[in-house]
Amino acid sequence: MSDLNWETVCDASDLLPEIGARALLGKDQVAMFRIKDKLFAVNAIDPFTNAAVLARGIVGSLKNQIVVASPLLKQHFNLETGSCLEDETVSIKTYAIRENDGKIQLALK
Amino acid sequence: MSKQRIVVVGNGMVGHKFIENLLAHEKADDYEIVAFSEEPRLAYDRVQLSKYFSGSTAEDLMLTSEDFYKENGVNYVLNEKVTAVKHDENKVVVASGKEIAYDKLILATGSFPFVPPIPGKDQPHCLVYRTIEDLEAITASAKESKVGVVVGGGLLGLEAGNALQNLGLEVHVVEFAPRLMAVQLDEGGGNLLRKKIEALGVNVHTEKNTQEIVAGETCRYRMNFADGSHLETDMILFSAGIRPQDELARNNDVLEIGERGGIVINNNCQTNIENIYAIGECALWDGKIFGLVAPGYQMSKVAISHITGGEDQFTGADMSTKLKLLGVDVASVGDAQGRTPGCLSYVYQDGVADVYKRIIVNAEKTRLLGAVLVGDVEAYGTLQQMYVNEMDLPEMPEAMILPSIDGSAASAGMGVDALPEGAIICSCNDVTKGQICCAVQDGSVTIGDIKANTKAGTSCGGCVALATQVMNSELTKLGVEVITDLCEHFAHTRQELHHIVRVEKIKTFGELIEKHGTGLGCDICKPTAASIFASVWNEYVLENQHAGLQDTNDHFMANMQKNGTYSIVPRVAGGEITPEKLIVLGQVAQKYKLYTKITGGQRIDLFGAQQHELPLIWKELVDAGFETGHAYGKSLRTVKSCVGSTWCRYGMLDSVGMAIRLEDRYKGLRSPHKIKFAVSGCTRECAEAQSKDVGVIATETGWSLYLCGNGGMKPRHADLFATGLDDETLIKYIDRFLMFYVRTADRLQRTSVWMDNLEGGLDYLKSVVIDDKLNVNAELESEMALVIDTYQCEWKTTIEDPEKLKRFRTFVNSDEKDNTVVFVEEREQIRPATEEERVRFVNAEEVAEIA
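Heads up: the protein sequence lines correspond to chains P and B, in order. So our numbering is basically just the index in the first sequence, starting at one, shifted up by 106. So our numbering is basically just the index in the second sequence, starting at one, shifted up by 1012.
It cannot be assumed that every hint is accurate.
[Stated by the list, open to error] Covered stretches of chain B, as calculated for chain P (at least 3 residues, CB under 8 Å):
| # | stretch |
| --- | --- |
| 1 | 1250 to 1259 |
| 2 | 1262 to 1268 |
| 3 | 1554 to 1560 |
| 4 | 1823 to 1832 |
No wet-lab data here; the hints were simulated from the structure. Every residue gets a Cβ at the ideal spot worked out from N, C-alpha and C, and that includes glycine.
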């Protein structure tokens, strides 16, 4: 993991529990979440509508997977793997995320 | 083969039913139909006629439309009287002299009100109660009258009495017989009905034989009775029974007529002339006239069956009735008088609660022959089924009318399982037990589904309790356990969670799921919990502990549209807006390049705002005096209104004023689904209030309140809930109704579906809201008061809080704009680019960048 190219995007306090936030990592829009003290980062663009809305979805658990629901058409995406629960042929990109010295950092995997 | 022509004389409920059934018949194409109506309009619902006085219009009562007839190739002539039948030429003659040939002739001419031959009966304010025109005459007469008399204490007479009371008159009912509803009720039932009706302020005079109507001293007329007494009144409504309208047959002199009137028919509904049929109240079968609509409907089916080569027979009809007269429940089954030789009867009388029940059984106590129920008609469905299906009585027949000790309705002594498959559960729509069971097998699991899929319970609603029992029994048999869990995290319904939140004073989702759920929650239970917290505690929705529960619309307090941008709808209460505010909306839209559109709810929708722009736009709107319109929430949206009495020449009351008052009262109330209201200033209904969850219509006597309509996916007219309300009562009822709905509905359940699923439906809702059956109204009102007292404009609170504003940033680490949002212009405004346009646009940009 140490060879990842980490980029600081915001203060740790800017990422509130279970409320998503969006960051730019290069050209990628990244949706970040803090759930039960774990951090998750996935691409923010909903593949079903191509709108950058996933940071604004409700997070939770379904069948023991941690998910975000797209606010547009309500598909669920596994936040660890990026796969869509309703359509296994669809998945979204995931990113490395960590909290380091009071900052939230992102990196391409 | 050329089509056979069927001429239908009379376009009342039965004549229309005949046409409707024939059009639906598989051989419909073999026939052409010509219909004649003496009235100026096509068939309307005469059974619901008195609704005309409580705000319904002639249009609402229509059973069909000219368009429907035209689309289906039915030729019809209105305002035309058929005067003669030339049966040897197979022709009818109309008043203008024209002759029309037929292959089959259907006489559905109905009946006319009987007016006793009393001297003075032909004066101007002496009227009858049968057609819409009659009702218009009654309304006009009532305006110039203070006292009204109904002659006749039967079903229709009491209905007419109810109408006059609604029109604000002092009402008297004069009956020749010793008791009310002498045909349907026995003495005990009639006496109790009288007592109850008198308690409602209607004066009942029995054993009165009117001898003459002369000029009055204190009122317009004086009625002199045979016993020497008299009564003064300004208007008189005759409702002393009906006579078959058989004039046409009489003019023919070959068609057979009964001794006391009525066109004689056989079991095929044929008259003595082979290709002439008579159906409905003009027809005499086995010496009987059937003065109810259901037997007429049966006859229409039998006649069609015979014409098309089927074998249906008319073998008599069940005349059992259940109804609410002046708010009193009354029901009668079979031989209610106990006239069958050797019969026995059981009577239950409760002088405290004013309930009277009697059942009449045969000498062997094995068959039910009849029943009378006044004040409590819960047993009607069971008793009527037992009677019609000639079922075996339980060992102790009295159990069927005795109150159950544990309060359950099961004591009726018969489960629905005992009913045969063919038992008619809904007689209005002819739905059998078998059909309901089939619907359940095909996937119907709620009474709402049953109504939608079988039509059972969709007319008078009297069978809903029984239909529900049939459904539940079938579900149990199928081994279906109806799972009502909200989602995988909570094994509770929304209603139960609401209860838990209130009782345990739970204020956060964390506490709720820890104590009563599992897992992390999801996009089903989190917004549900957020809505419950909002309607119980009404805290600011963007507090950290609540914000993550909100759907994006509630979180960003705007409506997310297809490309991830939002639309903004400021509150414009009642649709009333000043020119200054209109200009501000235009200026803001111009400045932020927003698409503008007037919404269906009389507001202005501004589309295309990006996440980071929302607070900037709202700052300007709040400064100009706007507040959030909650267009994003499952909450009160708008109260639509017409201009009402302030401007409109027809307006009865100030609909705009009331709309604004209601919108201001309930703004911000979170509920299981979005709620819309409308207020119309008169029965012309320009605000379309009957298509809303809460509809208010001004009438001469006050507000009429309609509930549980909607214009959504399954449009539904609202039901008339109460009439003649003053402002305070109107608001009190709406307070209770809304809170009861908020407490008990399922997630995303509209008021219409909610009411369809309430056992007892509209009547039950009335008993809760008006009569406080559950003894919760004080609580409901104080809960509503709390929500109203804690109202805040969520946008105003938000723009004053820098911490909350941070959440509106598009990116936490950049001021760049979201490059997925692309607009193009259409009709001089923006709209989201289509996928194709977007790809082209983005490519062009990238090319430009590289260059």
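Given coverage of the stretch 1262 to 1268 of chain B by chain P, checked by CB-CB distance under 8 Å (3 or more): Coverage by chain P is violated for the stretch 1262 to 1268 of chain B (0 residues, Cβ < 8 Å).
How does the coverage statement for the stretch 1250 to 1259 of chain B fare against chain P, requiring three or more residues with Cβ below 8 Å from a Cβ of that chain? Violated - the stretch 1250 to 1259 of chain B has 0 residues with a Cβ nearer than 8 Å to chain P, which falls short of three.
Cβ contact check, 8 Å cutoff: the stretch 1823 to 1832 of chain B against chain P, three residues minimum: Coverage by chain P holds here, the residue count being 7 at a Cβ distance below 8 Å.
Given coverage of the stretch 1554 to 1560 of chain B by chain P, checked by CB-CB distance under 8 Å (3 or more): holds (count 3)
The earlier numbered hints that this structure contradicts are 1 and 2.
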